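Asker: Residues per chain, in single letters:
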Amino acid sequence: MGRTLAEKVWEQHVVRRADGEPDLLYIDLHLIHEVTSPQAFDGLRLAGRKVRRPDLTIATEDHNVPTVLGPIADPVSKKQVETLRKNAAEFGIRLHPMGDAGQGVVHIIGPQFGLTQPGMTIVCGDSHTSTHGAFGGIAFGIGTSEVEHVLATQTLPAYRPKTMAIEVSGELPPGVTAKDLILAIIAKIGTGGGQGYIVEYRGEAVRELSMEGRMTVCNMSIEAGARAGMIAPDETTFAYLKGRPHAPQGEAWDQAVEYWKSLRTDDDAVFDKVVEIDASTLTPYVTWGTNPGQGLPLAESVPSPDSFADPVARSAAERALDYMGLNAGTPLREIEVDTVFVGSCTNGRIEDLRSAAEILRGRQVRTRTLIVPGSMQVKLQAEEEGLHEVFKAAGAEWREAGCSMCLGMNPDTLKPGERSASTSNRNFEGRQGKGGRTHLVSPQVAAATAVTGRLTAPADL
Amino acid sequence: MEAFITHTGTAVPLRRSNVDTDQIIPAVWLKQVSRTGFENGLFAAWREDPEFVLNDATYEGASILVSGPDFGTGSSREHAVWALQQYGFRVVIAARFGDIFRNNSTKMGLLPVVLPGDKAADLQSAVEANPKLEITVDLRERQVRWADEVVAFEIDDYTRWRLMEGLDDIGLTLRHADDVAVYENGRQPWLPTTV
Ligand code: SF4
Chain D
1 MGRTLAEKVW EQHVVRRADG EPDLLYIDLH LIHEVTSPQA FDGLRLAGRK VRRPDLTIAT
61 EDHNVPTVLG PIADPVSKKQ VETLRKNAAE FGIRLHPMGD AGQGVVHIIG PQFGLTQPGM
121 TIVCGDSHTS THGAFGGIAF GIGTSEVEHV LATQTLPAYR PKTMAIEVSG ELPPGVTAKD
181 LILAIIAKIG TGGGQGYIVE YRGEAVRELS MEGRMTVCNM SIEAGARAGM IAPDETTFAY
241 LKGRPHAPQG EAWDQAVEYW KSLRTDDDAV FDKVVEIDAS TLTPYVTWGT NPGQGLPLAE
301 SVPSPDSFAD PVARSAAERA LDYMGLNAGT PLREIEVDTV FVGSCTNGRI EDLRSAAEIL
361 RGRQVRTRTL IVPGSMQVKL QAEEEGLHEV FKAAGAEWRE AGCSMCLGMN PDTLKPGERS
421 ASTSNRNFEG RQGKGGRTHL VSPQVAAATA VTGRLTAPAD L
Chain P
1001 MEAFITHTGT AVPLRRSNVD TDQIIPAVWL KQVSRTGFEN GLFAAWREDP EFVLNDATYE
1061 GASILVSGPD FGTGSSREHA VWALQQYGFR VVIAARFGDI FRNNSTKMGL LPVVLPGDKA
1121 ADLQSAVEAN PKLEITVDLR ERQVRWADEV VAFEIDDYTR WRLMEGLDDI GLTLRHADDV
1181 AVYENGRQPW LPTTV
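Protein chains in written order, with the numbering used here: chain D, 1 to 461; chain P, 1001 to 1195.
These are calculated hints, taken from the structure and not from any lab test. Only a predicted model underlies this, so the values are computations on that prediction, with no experimental measurement involved. Be aware that a few hints might be false.
Unchecked claim - Residues from chain P shown here face chain D by an in silico Cβ test under 10 Å; the list is partial:
1. Lys1031
2. Asp1070
3. Arg1077
4. Asp1156
5. Leu1172
6. His1176
7. Val1180
8. Thr1194
What the hints assert, rightly or not - In silico contact screen, one side only, chain D against chain P (beta carbon under 7 Å); selected entries:
9. Val35
10. Thr83
11. Ala256
12. Val257
13. Thr281
Where a beta carbon is used, it is the ideal one built from N, C-alpha and C, also for glycine.
Start from the sequences and build out the full structure, keeping to the hints where you can.
Answerer: Written out as C-alpha cells, the structure is:
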C-alpha cells in the first residue's frame, strides 16, 4: 500500500524504533526565541549538558520586541531578551537580535533564509511552527521541556499522529484568500477537529496558492487542533526556495529537487480521515467569537447561541457574545472596530502587505491601523516597493518587525473593551490585551475595515 | 520529575470548554525567565471575577481540575503546566486536550486524564453536589474512581511507565546517543545548517 506524505517524511527521520515506545525522531532544524527557551537552557546548565547541534539551531527575538525604534522599556521583557543573548553566546547559537537585518518572527525567518525545506522535521517552542509544513516537511510546536530535549539530543520521542487529508476542490473566487480558506476550514471541523492528526492540505485550490498563502493555511493548522499541517512540494515551492541563502546549490540543488519530487502522497495511500471543502463557494470570513472556530462569512450575522444544538457549543457561544459585547442577529458588517492590525506569522509576509497596500492606496484609514512587517527583510522589501509610503499616506502606522499585537507581549495592545480586526491567528479572550476583543480577518478585509471603521470586504468599498 | 502512581484528592469543576492556554496563563506572565512563581498567573483574568470557581472557598485545597472539552488548546507555553502544578493541581480531567498541552503535562508529571465527555460532566456534577468528594486517579490501574463510579481511561504504556517511574526523557534518550550518531552520518548531504 502507498504512503502519505506525512508517513514518508516521518519514516525518513526515525532514529530508533522499539516496541511499545514512541519513535525517536531526528530534528533537522530547531528554531528558538526568547519566551520558551530560558528555562530550557537553565535545565542544560543544571545537568551539565551541551547543545548537540548548534549548527541546526537558530534564534531570533520576536515576541517581546517593541515595534518602534529604541530600547525595550519594560525591564522584564528586556531581561528575557538579554537572557536569550547570553544563552545564544554561551552555547554557540546563531542569533538575529533586534536591529539585525535577519531579525523577525521566528516562522517568517526560517523560510526567508531558505532554512525551511521540503521533507525536513522542524520544531520550535511555539505552536505556529506548523507554518513550515507549507514546504512539505513535518513541523510542529513543542513545550520548554521538549526544547531542552532537542537542544541536548537533536531528537524527540514522539508517536506518529494519524493522518488527515483536507481536500480543497475548485478555485478560490477573486477576493477570497488563503486566510478565508483556513478560517472556513476551522469553522467546519472545529478547534478540536484536527486533534491527534497531521493534516495534509490538498486539491486544486491549494496547489494554486503561493508559498505565502500556503504558509498562512499551514500556520493555522494548530487552531483546528492539529499538531502539524503540510502541503506537498511542487514547482511553486522549488521556485520560492531557489537562490535563497541556505537552499542547496549547483549539483546539490538538482539532487535535492529530485528527492523533493518524491515527497507526495501515493495515489493508493489511505488517510485516517478525509475532509472535503469546495473553495468556489467561499467568501471572505471573519470570526465573531473567542475561539478561531467561531467564524462565519462576512455577509452573515452574529449567530444566536440557540442556533447551536450541542450544549457545549451553545454555552461557549453565550460566553463569547458576552465577552465580545455582541448581540445575536447583528450583521457582521455593522460591527465597528477601534484598531486594525496587519502582521504576525499568519499574515505578515510581503504578499500580505502588498494586498493591504493595494486597498489602502489613495484612501484614508478611520481607525488606528498598525502595519507590522513579519521580519526586517519583509520591511526592507516593502520599503523598496514603496508600500510604506502608501500606508503612511493612508494614515496607518508603519512599524518595525515583530509579533506585536498578535499577542501583545510588547507595548502594542488593545485596551479593555477595544475591538480589533486582526490578521493574526487567535481571537482568545485577552489575547491582544486584557479585555480586548479580536475579529480574525484576511489582510484585505483588514485594510478595507480600516477604511470604513466597520468589518468590510474590499468589494464593499 | 515527581513520580505519579495514584492520587486521591478533591476537585474543582471548571464548566468551560476551549480553555486555551492564554486563559490558563496570560502572555504577560511568560516574560519570566525562571520556572517558579507562576501560581499567581493561573487563570489570572478569570480570577478577577469573584464568582469564578477557583475563588469559591468550597473547593479550597482541591488538587484535581475537571474541565469541559478542549482544555489547553492554543499556544505551546509550558508555563500553563507549571502554573497548574504550582497552584496545587496534580491531575486535569477533560474530554479532549490540546495536543501540545497534553505532551507538556506528561513531561512535567501533571497527569492529563481523558474521560468521555459525559463522564467528565458527571464528575463535575458529583463534585458540585459534594465539593468534598474524594476522587482517586489511579495511573497503575488506569482508573478514575469516585463514590460508586469506576471509570477507565486510556494512556499509552510508555508514558504511563515514565510517569510512574518519574523519569526524565532526556536521560532516556541519551542512552541511545549511538543510534543518533549513526543516523546523523546518513543524513542527506544537502540539508541546511544555520552556520
Ligand atoms: S506572530 Fe503571533 S502566533 Fe506568530 S510567533 Fe509571534 S506571537 Fe506567535
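Asker: Now look at each hint and say whether the structure bears it out.
Answerer: Evaluated hints:
1. The interface hint given for P/Lys1031 holds, since its Cβ lies 4 Å from the closest Cβ of chain D, which is under the 10 Å cut-off.
2. A cut of 10 Å between beta carbons decides the hint on P/Asp1070: the least distance to chain D is about 5 Å, and the hint holds.
3. With its C-beta approaching chain D no nearer than about 7 Å, P/Arg1077 sits inside the 10 Å limit, and its interface hint holds.
4. With 10 Å as the threshold, the beta carbon of P/Asp1156 comes within range of chain D, its nearest partner Cβ sitting at about 7 Å, so the hint holds.
5. At about 8 Å, the closest approach between the beta carbon of P/Leu1172 and any beta carbon in chain D falls short of 10 Å, and the interface hint on this residue holds.
6. The beta carbon of P/His1176 comes within 5 Å of a beta carbon in chain D, closer than 10 Å, and the hint placing it at the interface holds.
7. The interface hint given for P/Val1180 is met, as the beta carbon of that residue sits about 6 Å from the closest beta carbon of chain D, less than 10 Å.
8. This hint holds: P/Thr1194 has a C-beta 4 Å from the nearest C-beta of chain D, less than the 10 Å allowed.
9. Taking 7 Å as the C-beta contact cut-off toward chain P, the hint placing D/Val35 at the interface holds, the least distance being around 5 Å.
10. Proximity of D/Thr83 to chain P holds as hinted, the smallest CB-CB distance being about 5 Å (cut-off 7 Å).
11. Using the Cβ-Cβ criterion of 7 Å, the hint placing D/Ala256 at the interface with chain P is satisfied: the shortest such distance is roughly 4 Å.
12. A least Cβ separation of about 10 Å between D/Val257 and chain P goes past the 7 Å threshold, and the interface hint is therefore violated.
13. With 7 Å as the threshold, the beta carbon of D/Thr281 stays out of range of chain P, its nearest partner Cβ sitting at about 27 Å, so the hint is violated.
Comparing the model with each earlier hint shows violations of hints 12, 13; every other hint is respected.
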